[in-house]
Each structure stands twice: as C-alpha cells, then as structure tokens.
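If you read the sequences in order, they're chains A and B.
Going by the working numbering, 575 is the number at position 595 of the first sequence; the sequence numbering is gapless.
Every position in the second sequence, counted from 1, becomes a number in the working numbering once 7 is added.
In short, the hints are calculated from the structure, not lab data.
Just so you know, even glycine gets a beta-carbon here, dropped at the ideal spot from N, CA and C.
It cannot be assumed that every hint is accurate.
Said to hold, decoys possible - With the C-beta cut set under 10 Å, the calculated list includes, among others, these residues of chain B facing chain A:
hint	residue
1	V54
2	D60
3	R100
4	P122
5	L151
6	C152
7	S169
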Amino acid sequence: MKMTGKDYIRIDAYEKVTGRAEYMGDLVHKFPDLLYVKGLRSPYAHARILRLDIQKASRLSGVRAVVTGENAGVDWGKFPQQSRMAVTETLWAGQTVALVAAESLEEAKRAIEAIEVEYEPLEHVLTWQESFCERPKSVVDPKLPIHQPGKPMHFPYPNVAGEFVQQKGEIEKGFLEAAVTVEGEFWTEKRVHSQLERAAALCAYEKDGKFTMWCNGCGIHGVVKKALAAAFPQIPYSDIRVISPYTGGSFGNRNIPYVELPCFLMALKTKGTVFYEFTREEMFTAAPTNWVCATKIKLGADAEGRLTAKELRLIEELGAAAGNEAYTGRLSGSSTANTYSVPNVSFLGCSLLTNTVPAGPYRGLGTPDAIFGLELLMNELAEKLHMSPLEIRLKNIILRGEEDDYGEEITSIGVAQCLQQAAEAVELSVPCVQDGSEWLYGKGIACCGKQNGPNGRSEADVLIHHDGSIEVRVSCDNHGMGVSTALVQIAAEELSVEPKQIRLVIGDTDRTPFDNFSASSSGLYRTGGAVRIACRDAKRQLQEEAARMFGIPAELAEIRENRVYLRGTYVKSVPICELFRPLSMFEQDVWGLKQGTPVRGHGVFCPAQAVPWDEKGRTPRMWNWFQYAASAVEIAVNQKTGQIKILKIANAGDTGSPINPKIVEGQLEGAAHMALGFTVQEQLLYDENGKVKNASLGDYRLPLILDMPVNENVKVCICPDPLPDGPYGAKGMSESVVSAVGAAVAGALYDAAGIKADHYPMTAEMVLRLLEEKKAVHDEKERRQT
Amino acid sequence: MKRKEGKHNTEKIRIHMTVNGRCFEIRTEPYRTLLEVLRKDLLLTGVKCGCEDTNCGACTVLLNGNAVKSCSVLAGQADGCRVTTIEGLETERGLHPLQKAFMEHFAVQCGFCTPAMILTAKSLLDKNPHPSEEQIREGLHGNLCRCTGYVKIVEAILAAASGAYGELSERNEEEEQEGRHVF
Ligand code: FES
Ligand code: FES
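In isolation and in its complexed conformation, chain B is listed as follows (with noise of 0.2 Å):
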C-alpha cells in the first residue's frame, strides 16, 4: 500500500488484535476500516471487497467469534479483539469441516463470495451446532452470492453441520484456546 506520509502521519492510532491466532500490533489512521487494514496491510487478501457500503458481505471476518462486515467497522474498533479470516480456518491438521463440505458439495463457483459465506457459516454453527435450513437461510441473508443460487452453499453447511467432514466443536475449543494465549 501507497500512502503519502505526512498530513496523517501524527494522527495515527496504536492498535492490538489478534488475527488468526498472532498477535498484531499495528499503527494505522483512524478513518481506515478494519477491511482495510486486513487487506493491505496484513496482505490476507482472502477477506474479499464487493462493495465498500455494507450491501455485499464479501468482506464479513469474525471478530470475537461473530461475522461482521469488516467494510463496516473501523480497525479502531477491532482493538483488542480477536480476528479470524478465511486464512486462520486451515490448519496444519488440515481443511475445517465447512471448508471440506463447501467444496465436496459444490458451492464455489466464481469463489469471490466464498470465504465470508464459510466464516459466516462458521460463526452460526459456533453458536447453533444444529441449525434448521431456514436458520441457516437466516444467518446467510447478509451474504450476497451472484452465481450458486445459495442451494449447494446451503447443503454444504447442513452436511458440515451433520459432521460429515470432521467435529466442529473440538475445533473451536482449540481456537479459543488459541485466543486465551494471545490475550
């Protein structure tokens, strides 16, 4: 990222954030949304921009565990918090179930809606393990996907749900455990 030192230069804000599981701190002006910092400056080009104004929801990352729009929250208010971005669900033990179940189940096609539809989906069976359709339906109304028609991305996630690509509850104990660490 090209930016002109100078006139902001003396505005800038400190903040800390766990990303992933490391901790970052970064000095950033604070108009910059968190959208911003992720992609340009931690380079996790993964976290998508369809829009910029809150409409698309290509951009939603977890922050504290709950699917936000990162257009829509500036880096300030992330100080403190724990991020997760599609980069942070593989692990070296492998794909996360969603992952794994998105691509069996064929709800990628272009791919540009793809890693906010798995984080949101993420954080709805973080807090509903055993979500009905319509919930599910629910959850992802923020997520806009121009090529699938949401059937397959629906049946990824019931069948991720089900477990037929791994346990999703040990994961997240792993995870928080990784947050606690941080903090």
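Chain A with its partners taken away, still in its complex shape (with noise of 0.2 Å):
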C-alpha cells in the first residue's frame, strides 16, 4: 500500500476550515483567574537606567507583581538575549524594563503607565556599516570573550561577537589560473517574520505545585522546556509541563522563547495563572529578526566557465545578542559552500553586534541574505564569458558524491533540475519584448542550498490498540507546515493501513516523548526517522506476538492491512484486533495480548553528529544534507517610479521526495510570495532614538495577494534527489525555496534596466537612485563624446 508520494488531505483542514482549531489565544477563556503581563519597553536603543520607581504600579487596583531587571531575582544570563530585562542599561529600543502581572490587561497597562523611569539616552550603533569600525560609537557587549587580551583577531574591531575562517586550495593560485574575476560588496536589511500569529504563552501555577505551560514556542521539549529549566534551577525539571496548542506560524520566529521564559517568571512570582501575549507591535520591537548579511566577494573563473577561486568575506549582523560565541558567520557562510564546486577557497566570516533587537534564525538561517551577492557574481561572470547565467551555474554545480567547501560529502543535490525547470518555467532563453511604455522588461535566475545541520534527537512512540486503531506520538514542531499530515502517512505506510486509521498526538512534554526542536526543515526528516523506527518497532512485537500464538518462527508473520499473514501453520491470517484477547477479573492467563494494552513501539532518530573543523575550517561531517531550489523571475520595472512589478515567478525545489506533494508545492509557492516581500519591500525602519519606526502591518509593508502575480504565471516544480536516510527519500522544504528569490529579482532587474542592485530589498527609492545614477553615467559619457 502506498501511503507516501501522495495528496492526502491535511489531517488538521478540518478543525482549521471550521474555526475548532484551538491557538494560544483562544485557551485564555479556559481560565477564570488568569492574570495579564505586560511589559514596559525602552524607548532608547541604548540608555541608562537612572532611576525606576515602580512604588506607584505596585500600589494600584489589581496588581499583583510588578518585576524589574533588578528585583527579578534571577540569572538573566541564563535566558535567552530577548527575553533579559535591562538592569542598569538597554542595549535596544524595546527591550524590558519592568513586568507587570495584573488582573486584567487594562490594569496591566495602566501599571505600567504609572512607572517611573528615567533614562539618560547613550550613543547607539543600529546598522553594520556603523558597527564595523576601529571606533564605534557605542559598544554593545564590552565583555566579548574574543576581546580577551592575547587573543589574535581577523577584525579587531569592538563590536565583532565572533569568527570563522576556512581555506580550501590556495586561492591566490586559484585567481591566478582564472581567465575573468568579478568582485563585489553586498548587504540586505532587517526584516521581521510577521506570523500571523504573535507570540504567546500561558502558564499555570499548577495545585500540586508544578507548571503547566502552553506556548507557540518550537521545542517544547528541546528549547521551551529546557530554557525554562536552565533559567529557574530551583524548579525540578519534571515539575514543568509544556503544551503546543495549534499555532500561527513561526519561521524561525518562536525558535527562541523570548515570550515563554517571562511568562514563567511572572507565574512563579505571583503563584498564579498568567498569559503573556506580545501586541503587534512588540512582534517588531521586542522578537528576534533575521540577522543581516553583508558580504564582500571574489570569484574568478577559467576561459570556460569553470570556477577557479572563490574568497568570501561576511558579515552577520546579530543586533544586540551579547555574549553569544555561537555565532562568528558560519551559520550564513555555510549557504555559500554548498552549491558550487571550487578548487580554491577562502572565507571569513565575522558577527556584529547593534543596539538592535538580538536577531533570531529566520527561514534561511540567513541564506537569502548570504548568498544574493553571490549569485549576482555568477551572473556578471556569465556575462563576461558570454554565457547565460543558467550555464554557467549549470558548469559549476555540485554532484552527487562530490564535497562542499567543507570537505563534506553531499549526499543528494537536485538544483541542476531546479535551474532547468525554473528557466523553462519563466522561457529564460526568450529575452523579454520592451513594448517602448515606461515599463522596462527583464528575466532572472538563481539557485541556492541551504544545510540541515545534524544536531538533535527525535523520538516516537507508536501505540496500536486493540480495535485497530493507532496512536502515534511526537513532539515535532507543528507550524502549519504539513508535517503533522506527512507523519501519518508515514506511519500509515510503514504499517501498511490508511491514513485515516491513525491519529496524531503531538507536542504535550508529559504525554508525547522527546523531541529536541524542528528547526533547518528537519521535522520530517528527524521526527519522521523515529516514527519510521516506532512503527517497525511495534510491527515486530506483533509478528512476534502472533508468531508465538501459532508456534512459527517470527519471520514467518507478516503484518499488513491490519492483518497478520501467517505461513506454517493451520491458519492464514488473522485479524490483529483478535490477537488483543479480553481479560477480566477471573482470568487466570495474563500473557500474551490483552484488550486495553496496546502494543507499544518507541523509535529514536538521531543523525550521526558533526564532526569539529580542523585549523582551516573544514570537516567530512558538519551539515548532513542540504535542499537546494533555484528561482526564475520576469519582472517589470518602471523607470518612472522605480516600481518592480513581478510579473512571472518560479519556485523550485529539491526537497527530497516528497511524502505529499501538494503540501511542498505550498510550501514553494508561499516561499514565493514571502521572498517577494524580502526583495522588494520588507525593511524594518528606526527613529533618532533607535526605535523601530514603522512597528505595525500598517507601516511595514508585508506582501498582499495583489503583490503575487496571478495563478498561471506562478509556477512550482518538485525536483526531488532522493536523500539516502530520509523518510522515503524527504528532505527539509522549505528554506531554500525562500532564499534565491531576491538574486533572481535583481538579475532580472538588470536584464530590464542595466542598472545593479547591491542589496535588498529593491525599493521603489533604491530603483530610482540606479536608474538616475545610470543615467548620469551615460549623460556624461555623452558629454565626453560631443
């Protein structure tokens, strides 16, 4: 029976189309006694603290627990860096003062209105370029460990958190052999996840003293759960219960507790009920944003096309993540070392501290960003060549069985098939007819990878019951991707039953088993190995079951449609329900299968881990595996006011096989829609204080169903190259598929109008400025002639 590969309804459409879907939100009715936290934000990006008085919110109807940065009694370098309350200085505009628990939320508010604080405004750094200097004016995190004395740097500069180097070849050889070089500095900007769901949690102070918390948090076990632990020692790891109700969406958003972590503080300081939900605005003030890339790039290729040198400088923008040694540009960096093949390489990578709120991952884990300079590279050596981009990317790419930058093996790579698909899907070897309007016409491609990273650990636990029907358990991130849906089919594969016979129990830490988080697309990848390994689990404990009943070796029972198919013996098959015999209070035999006993299978995946990179950088295990897509746009540019206007976008894929195809193919067309408004519009904007200016959906202009071309001009193809160890061949979807779009758009810009984009996204403003620059340029040429 086949169960995978194929367009099974999603098991949660039905309580999502009839509003029955329960979110964070709609739990709070449930509740009679819950109290409201709110929490008053810096309007400084980086201020002292001269004086806080929260004498008068404490005293006012309905408080019950005002906290500061000060009196929280806690180790605010044990939470995660959005959630540290400010104790003698902010380091961003929005981060928390004070904490207010009251009765209802209009109290809550008018507590924290009637604090008292006084600030003495510092200097501030908001962007890279002000960042990344000998002087800056303000230094973030004056504690770096890097900055001990001793300690030889690449950047010397304060506010550098981290870094990375790694050499393959010699490049300087590597440039000599090259026929052509190009080179280039490009950067993107701060953009913000806008799920449409904004970050909540609730948690209860429980009668027997424990804690139930219900968050939209990932991980409930792996990051929401040991977060909490981690901050609050006191509390026994087992006194605290994490519940993932459905949730809004995330990208990458709520991998980070920042709402979890004070919801719990403020339940423990008031031995209550509380809900911590972010408004609107705070989702752009006060949670994590991607991190900003900006890179300085060479490449240089033979008369042929073949790429002979790559050096990468990078820099990762982390806004105010201080103390975090885990970052140094790798992460970015790595989406650059997977795609094509380079003899000779050299790369430094670096992070950045600002008085920015702390950047988070963001779908891409910063490959949108890292790579667009990259690919636009490969298109200015195309045209030196004399070359389509499609070949020579298509010269360069990756085989199977070949290594990445790293010295890594990669085991499944289809973005040849993605370019192919992507160029015929928007006729890239047709070049656009200009009809002589204002409207210029251009077409663009580009291809990117993107890792998986080969931490974490996913259980399941697979309960087949007496009446037939099976219960699997997980712990899996469920953001609305679909992942929930490809489990069950799955399972129902492995067990060889319909779908609709199993039922999906996830994400409850007392109920469903251990999962670490679903971050880097890995939910169907990992979660999905252990489910894998549950059902074949529970499916030998039958055989055995139903081998020893009928006196046959185990290997000659075989369990499939609900059925065990028996050979040596008087009888055939046998329904499984049967195995399951009633027992009651006077039976005497107790073996064997009982009726209300399932059969229990547990499964345990957890890819081999990576391996540390030596003196120049590299390693054979670091990423695991990496889905790949590439993206073919044809746009329209008004040259009257700079508008980019799409016209035609193809999204492709390889994203292993896929279980259900209809859910990738909405993965890839929402990656479509969303990496539009990265390209051309997303920008988060501050004030002189350093606060985000344009905090609303009204003001950040997020993509509207009349920024997306219409149905026939978007197209998506599936390119899948099977990964060896993925479930039936699955990968991760959908990452890559969000990250090429922006290189797209700006060589299909160029196709239009001449005029080249160093970073995004490409506003109206930004086109205009090109297009007057080009102009000036060519005027003067002119000039020069007459």
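Make one complex out of these two single chains by using the hints.
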C-alpha cells in the first residue's frame, strides 16, 4: 500500500476550516483567574537607567506583581537574549525594563504607565555599517570573550563577537588560473517574520506546585522546557509541563522562547496563572528579526566558465546578542559553500553586534542574505564570458558524491533540475520584448542550497490498540507546514493501513516523547525517521506475539492491512484485533496481548553528530544534508516610479522525495510570496532614538495578495533528489525555496534596466536612484564624446 | 474574561445581535469592539486576532452579509445586525462548499488566516457567484496570509464558485430565512 508521495488531505484541515482549531489566544477563557502580563519597554536603543520607581504602579488596583531587572532574582545570563530585562542599561529599543502582572489587561497597562523611569540616552549603533569599525559610537558588549587579550583577531573591532575562517586549496593560485574575475560588496536589511499569530504563552501554577505552560514556541522539550529548567534551576525538571496548541506560523521566530521565560517568571512570582501575549507592535520591536548579512566577494573563473577561486568576507549582524559566542558568520556562510564546486576557497566570517533587538533564526538562516551577492556575481561572470546565467550555474554545480567547501560529501543534490525547470517555466532563454512604455521588462534566475545540520534527537511512540486504531505520539513543531499529515502518511505506509486509522498526538511534554525542535526544516526528516523506527518496533512485537500464538518463527508472520499473515501453520491470516484477548477479573492467563493494553513501539532517530573542524575550518561531517532551490522571475520595472512588478515567478525546490506533493507545492508558493516581500519591500526603519518606526502591519509593508502574480504565472516545480537516509527519500522543504528569489529579481532588474542592485529590498526609491545614477553616467559619456 | 466590577458597570450598553442564527442580548462597555465581544463573551474563538489595528484581516466576520474586520467595529455598531462567524458555516448537513474547497485544495497551512479568508470569500461569492480571478484577488486584498502565497486559496475559491463542492446559492436563501425569523 502506497501512502507516501500522495496528496492526502491535511489531517488538521477540518479543524482549521471550521474554526475549531485552538490557538494560544483561544485558551484564555478556560482560566477564570487569569492574570495578564505586560512589559514596559525601553524607548531608546541605548540608555542608562538612572531611576526606576515601581512604587506607584505596585499599589494600583488589580496589580499582583511588578518585576524589574534588578528585583527579578534571576540570573539573566541564563535567559535567551531577547527576554533579558535591562538592569542598569538598555541595549535596544524594545528591551523590557519592567514586567507587570495584573488581574486584567487594562490594569496591567495602567500599571505600566504608572512606572516612573528616567533614562540617560547613550550613543547607539543600528547598522553593520555603523558598527563594523575600530571606534563605533557604541560598544554593545564590552565583555565579549573574543576580545580577551592575547587572542588574535582578523577584525579587531569592538563589536565583532565571533569569527570563522575556512580555507580550501590555494586562493592565490586560484585567481592566477582565472581568465576572468569579478568582485563586489552586497548586503541586506532587517525584516520581521510576521507570522500571523503573535507570540504568546500561558503558564499555570498548578495545585501540586507544578507548572504547566501552553505556548506557541518551538521545541517544547528541547527548547522551551530546557530553557525554563536552565533559567529556573530551583524548579525540578519534571515539574514543568509544556503543551503546544495549534500555532499560527513561526518561520524561525518562535525558535527562541522569548515570551515563555518572562511568562514563567511571572507565574512564579504571583503563584498564579498568567498570560503573556505580545502586541503586534511588540512583534516588531521586541521579537527577534533576521540577521543581516554583508558580503564582500571575489570570484575567478577560467575561460570555460569553471570557477577557480572564491574569496568571501561575510558579516552576520546579530543585533544586541550580547555574550553570544555561537555565531561567527559560519551559519550564513554555510549557504555559500554547498552549491558550486570551487577548488580554491577563502572564507572569513564574523558576527557583529548592534543596538537592535537580538536577531534569531529566520527562514533560510541567513541563506537569502548570504547568497545574494554570490549569485549576482555568477551572472557577472557569465556576462563576461558570454554565457547565459543558466549555463554558468549548470557548469559549476556540485555533483552528488562530491564535496562541499567543508570537505563533506553531498548525498543529495537536485539543483541542476531545479535550475532547468525554473528556467523553462519563465522561458528564460527568450528575451523580454520591450514595448516602448515606461515599463522595462527583464528576466532573472538564481539558485541556492541551505544546510540542515545534524544536531538533535527525535523520538516517537506508536501504539497499536486492540480496536485497530493506531496512535502516533510525537513532539515535533507543527506551525502549519504540514508535517503532522506527512508523519501520519509515513506511519500509514509503514504499517500498511489507511491514514484515517491513525491518530496523531502531538506536543505535550508529559505525554509525547522527546524531540529537540524542528529547526532547519528537520521536522519531517528527523521525527519522520523516528516514526518509521517506532512503527517497525511495534510491528516486530506484533509479529513475535502472533508467531508465539501459532507456534511459528517470527519471520513467518507478516503484518499488513490490519492482519497478520502466517506461513507454516494451519491458519493463513488473522485480523490484528483478534490477537488481543479480553481480560476479565477471573482470567488466569495473563500472558500475551490483552485488550486495553496496546502494543507500544518506540523509535529514536538521531543523525550522526558533526565532527569539529580543523584549523582550516574543514570537516567531513558538519551539515548532514542540503535542500536546494532555484527561482526564476520575469519582472517589469517602472522607469518613472521605480516600482518593480513581478509578472511571473517560478520556484523549484529539491526538497527530497515529497511525502505529500501538494503540501510541498504550498511551501514553494508561500515561499515565493514571502521572498517577494523580502526582495522588494520589507524593511525595518528606525527613528532617531533607534526605535523601530514602522512597527505595525500598516507601515511595514508585507506583500499582499495583489503583489503576487496571478495563478497561471506562479509555477512551482518539485525536483527531488531522494535523500538516502530521509524517510522515503524526503528531506526538508521550507527554507532553500525562499532564498534565491532576491538574486533572481536583482538579475532581472539588470536584464530589464541595466542597473545593478547591491542590496535589497529593492524599493522604488532604490531603483529610481540606480536609474538616475545610470543616466548620469550615460549623460557624462555623451558629453565627453561631443 | 475577567474584568473589574465598578467604574464601567453603569456605562454598559445593551446590544441585540443574531450571531450564527442565534439571538443574543449582550451587555457590554461601549468602547469594546465586536471582536472582543465575539471572542471573549460569546467564546467564538474561530474569529482570530492578529493585530487589533485593522491591518491583518484575521478578525473578519460577516455583518449583515458584508465582510468586516471585527476589530474595527464597535460592538454597539452591530446592534440589530446579523453576524456570521466561521462557527456558523458548518451545519448538520455538512460543511459549506468553501470549507470543503479549502480542505481539498490545500488552501490551509497554519490556519490562522483561514476562518477570515473563508468568510471574506463567502461574502464575495454571495454578491458575485462567478467572480474572475482578478475579482477574487481584489476581494481578498485586506486579508493577510503569511504562509500560502494565496495560490491555493484562489484556486479553492474558484473551485467553490464553479459548484464543484455543492450549490452556493441554495444555502444563501436558507441563511436569509434564518436571519428573518429572528428579526
Ligand atoms: S485583528 Fe482585525 S485586522 Fe487584524
Ligand atoms: S495559512 Fe498561515 S497565515 Fe494563512
């Protein structure tokens, strides 16, 4: 029975189309004694707190607790950066200065207003351009470990927080061998995830002194529960239960428990049940953003267009991620290392701090930002060598079995097919016809790969009940991508039953087994792997029981379609439910399968861990596998207004073999739309105090339905190269597909108007400026000629 | 919902609404929005809240058949009106064709925008049973979806309009009647 590779209707669709699906905010009414939490936030990107008086606020009616960074009684170093409260100094506008818990939201708001704070504004840095220098106006974290005396640094700048170096071959030799070289500097801007459901957590201090937390954060076991246990070491690990209801999107935003920890703190302080939900404004000022990447790249290629050298400098701007040593530019840099085969590589990356909200993972983990320049330079190489952008890419892509820059073998790569299909879908080889209007037309293409990373462990339980129903218990994240449906399909295939027989229980640390988190598009790969193993475990037990009952070796019993098929005995087959016997009070025979006691299979899937890199930054085991994508677009650029209109978009993804093709299509379409927002319009803007000034969905321009081309001009192609250790060849699907659109649009902009974007979003103002610059150069030339 | 007794009590207003065919009399403070009353007083949590400032569309409900953002309407403004939320679309005879179409066409991902999308589409189809793709796009421009890219949403609405998931018009008459018997 084939259950994978099929468009099985999503298991959550009914609940979602009827409004029955419960999200965080829908739980509130179940708690009549709820307390509401509100935060007071710094209006300055950098300021000293001269005075903080909570007296008046604490005395207001309905107020149950007012907590400051000072009186909280916790070690803020153990909190995720985004949830750390300011103690003497605020590091970004939006950082929490005080928290209030009150009996109603109105009372909490009133208390926030009654808190008296006096700030002394200090100098701040908001962008990588301001921060990446010897003497920045503000040093975000003077205690960075990397700056300890005696540690040599490549960028000895006070806001550089970490560095990573990688070398392959000999870079000088590579450039000597090059017939052509190209170089450039590129960067991106800050954007917010804008998942439709805001971050929220509800924490109940239970009668028995334990805590139950409902939240829309990722990784109920591996992130939320672990972070709570680390931040509140006085609470026994098993006294914390974390439950995840339906969640309205994350895109990486909820990988950090920035609302869960303060919520727990307030439950602890009030010994009550508290609810903390960010406002939409707070989602802009206090929730993590992407990290911006700035790259300086030089490429060399021989006369045939084969890359000979790649030199890359990369800055990962992390906001006020003080004390964070994990980031070094390596994560974003990984996306520049996995697509093209280059014999000589020099990579130097660093992370950089600024006075903005600490950044976090955002769909693609820096890939959309890091590969932007690399892809544009591939176009330039092609132009210099009179090749097409498609040709040069196809010529250089890594083949399955070859190594990436790290020296790790690539086990699955379908990017060539992605490129071809995306190119075909927009007829890339057919030049656009210019109609002489104010609109100019152009086409562009780009591709990329996004690493997965082998960290994490997933477990699954599979219960086969005597009535024939099957229960699968998992704890992976379920933000809407469709993993729950795919897991059911995998279990159905393994047990050869109909998916509708299977009930998925998901997201409750007291009931569902361990799972770190599903970051890096790993939910299906890792949890799916665990489900397969758990199904096989359950099946093996059933086989053994059946074989024992009929006196045959286990190999002679086969489980499929709810029956056991037997060989070597007088019975041919038995329904599985008949293997379970009723057990009565007077029953003596207590052995064997009994009704009411399901067969339990357990599965653990845990990819082999990464191997530390050597002094050249190389290792045979680092990223596990890569999802690939190619995007191609046809655009129109208005010469008078600078507006970019997307006429056609093709998004092709190597997401491994799809378990549910329609769900994968949905990711490719959604990613195309989201990426169009990144590319032409989304950007956080700051006022003179360093506060986000477009902190609403009205002012921060998310792409709407009207920004998307009509359906016939949105083409998605699934181009799978099956992953050997993925469940039925599947890998991740959601991140590479969002990452190549920026460079494709910039390529099309050049094709249409002959202007080169060096950063995005490519807003109308930017396009107009580039057009004017081009005209000025042109006029100057003409003037000289005459 | 927990709210302090006292100051606001005397100012409460009385509102009559027919919500999903049922008649309600609600006493509430005049400053509260229809969104708050539906979610917190009537526990119709299928009405979602994504922004509270009229920019996401997740709170869309039908007010006398017109799609409105319930965070932008004061509860008092709905006095005497007929309100439909997503909870009112499924009847004992089954799902509304739009609900079926959204399921079948994979137009749902995280689902947070879904109730509002379906209701907006319903008001659109009630007025224009055979819209073009452009008209659908125009009609949905106030509803944000961050997950789907809208392709499958548009597809689902076109399919529902084609009658592939059951008669749309028949159902409208029934709903009209339900409304009439209350007023
Ligand atoms: S909650 Fe009403 S439009 Fe967003
Ligand atoms: S399905 Fe998530 S916002 Fe539309």
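Tell me the numbers of any earlier hints that the structure contravenes, in ascending order.
3 and 7
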